[in-house]
Amino acid sequence: MTIAGTTTGDRLVDRVLRGDHAAVARMLSRVESGTDGVHLQLARLYDSGRRAHVVGVTGASGSGKSSLVAALAQTYRRRDRTVGVLAVDPSSPFSGGSVLGDRIRMGDLAGDGGVFIRSMATRGALGGLARTTVDAVTVLEAAGKDVVIVETVGVGQDEVDIAGASHTTVLVSVPGLGDAVQAIKAGIMEIADIHVVNKADREGADAVVAELREMLRHARYRRPADWRIPIQTTVAITGDGVDEFADAIEAHREWLSESDALARRERDMAASRLRNIVTGLVLEKLDDPATGDPFEKLVDRVARRQIDPFTAANQLLERTLS
Amino acid sequence: MAKTATPLRVMLAKVGLDGHDRGVKIVARWLRDAGMDVIYTGLHRTPEQVVEAAVQEDVDVLGVSLLSGAHMSIFPRLVDLLAAYEDLDVVLLAGGVIPDEDVDALKGMGVDGVLGQDSTPEEIVGTVRQLAGERHARAYG
Ligand SMILES: Nc1nc2c(ncn2[C@@H]2O[C@H](COP(=O)(O)OP(=O)(O)OP(=O)(O)O)[C@@H](O)[C@H]2O)c(=O)[nH]1
Ligand SMILES: [Mg+2]
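Chains as they are written, first to last, in my numbering: chain F, 11 to 332; chain V, 315 to 455.
Hint data in this document are derived by calculation from the structure and do not stem from the laboratory. Even glycine gets a Cβ: it sits at the ideal position worked out from N, Cα and C. Please note: incorrect hints may appear among the correct ones.
[Said to hold, decoys possible] To give a feel for the contact side, a few chain F residues facing chain V, derived at Cβ under 10 angstroms: (1) 35; (2) 40; (3) 109; (4) 110; (5) 113; (6) 129; (7) 316; (8) 318; (9) 320.
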């Protein structure tokens, strides 16, 4: 990294810390592309010590996540909280491109300096978020946003990374997707701190609520005994029920901070994050041409059965750590 | 962190009254299929809203489609609003129904390219690639 690069980066960090939206936007671009020096800049932003409550919103495709995020953000603004939104949509596995459409539902938030919205493409990541979403949260909280809302891609069953990235995880269900609770599989069910049944203006919402209640009663997975997972009903497009939904998030936030749950949650978040960063650094070293491509060479040898994949993996790990 | 090649980032916007976005959605898919990230704003946006969104999304290209005939008033407004951001230098493209005789005037006022309704996918993808590459390297490099 050049000295010039450092000062430009430092100036950008200063502007982010002042909450300058154009700077926040450029910082997010650098995070996404992994520009030289961005880790140092992220470290400075992290060290600012500013914290946001991170709310993850997940649920099936078309369940109304974006509409609900928009309505929730408006509610926060009425309560004088500033809001950052990260809206994740999938990249095409064929072209690598994407159409990011979440913003379509968030038009009513325009013209408010207290809201910042950024769309992100998954670019091959499978957990429902982009690889850099958690770093993007760091940028938004350092810029002074009180709440950061993360909308995941429309999920089926395994996309549970959001649980390791948020303080409060919200699962959105809707009537009319057949057997609603069955449509969303156990793995996703288990990460919800709050259930929302959206599109409550449609027939069948009561049945979904009843199904969820039944499911929670028989849940085999362990939940903290003293947090009763609420089931909220909303109509995101009119705002019905959204105040109560925001209250439920607030109640969860209070519950977290009044018990040791917050410390535990933050430890889980730190663990996911550290694991991801280390994995990224190791993979990056494996791909570094300066190391003589030991990865590619070992792939050849494994394919020819000259070495077993377990020994090969251990050799690679030793090299990257040395 | 390793530098990774990021897709060109394009925002497509509809400004004003006309309520048709089938064309814009088709263009969005063409650009996606060419490997770009495309952010669509939805219908009926104001120039202020579109520019605010383009800033937050740090897009390389802002393509605004107009079928309403209001282009000679809306594009100058967009150019002015964009000029308020020093290092944004987003590429501004006009699409939709733009009569031939207005093309030079639009370019004179700061629109970087005009792609009419009969543009082929190759023309659109080619124009975006040609105009956006440098800007992308500056912002995402
Ligand atoms: N009737 C009704 N329609 C709704 C409600 N909330 C959202 N919608 C509609 O549902 C459709 C999908 O809404 P989105 O907010 O885009 O859903 P999403 O979950 O973000 O979709 P993806 O991001 O594509 O997974 C839109 O047409 C919304 O207008 C609601 O409460 N009631
Ligand atoms: Mg959405």
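Checked hints:
Nearest Cβ of chain V to the Cβ of residue 35 of chain F: about 4 angstroms, under the 10 angstroms cut. The hint holds. Given hint, residue 40 of chain F at the interface with chain V, holds; its Cβ is 7 angstroms from that chain's nearest Cβ, closer than 10 angstroms. Checking residue 109 of chain F against chain V by beta carbon gives a least distance of about 5 angstroms; that is within 10 angstroms, so the hint holds. The restraint placing residue 110 of chain F at the interface with chain V holds, with a minimum CB-CB distance near 5 angstroms, inside the 10 angstroms limit.
For residue 113 of chain F, the shortest C-beta to C-beta distance to chain V is roughly 6 angstroms, which falls under 10 angstroms, so the interface hint holds. The closest approach between the C-beta of residue 129 of chain F and any C-beta of chain V is roughly 5 angstroms, which is under the 10 angstroms cut-off, so the hint is satisfied. With 10 angstroms as the threshold, the beta carbon of residue 316 of chain F stays out of range of chain V, its nearest partner Cβ sitting at about 29 angstroms, so the hint is violated. Annotation: interface hint on residue 318 of chain F violated; nearest CB of chain V at approximately 28 angstroms, more than 10 angstroms.
The criterion of a C-beta within 10 angstroms of any C-beta in chain V is not met by residue 320 of chain F, whose closest approach is roughly 26 angstroms, and the hint is violated.
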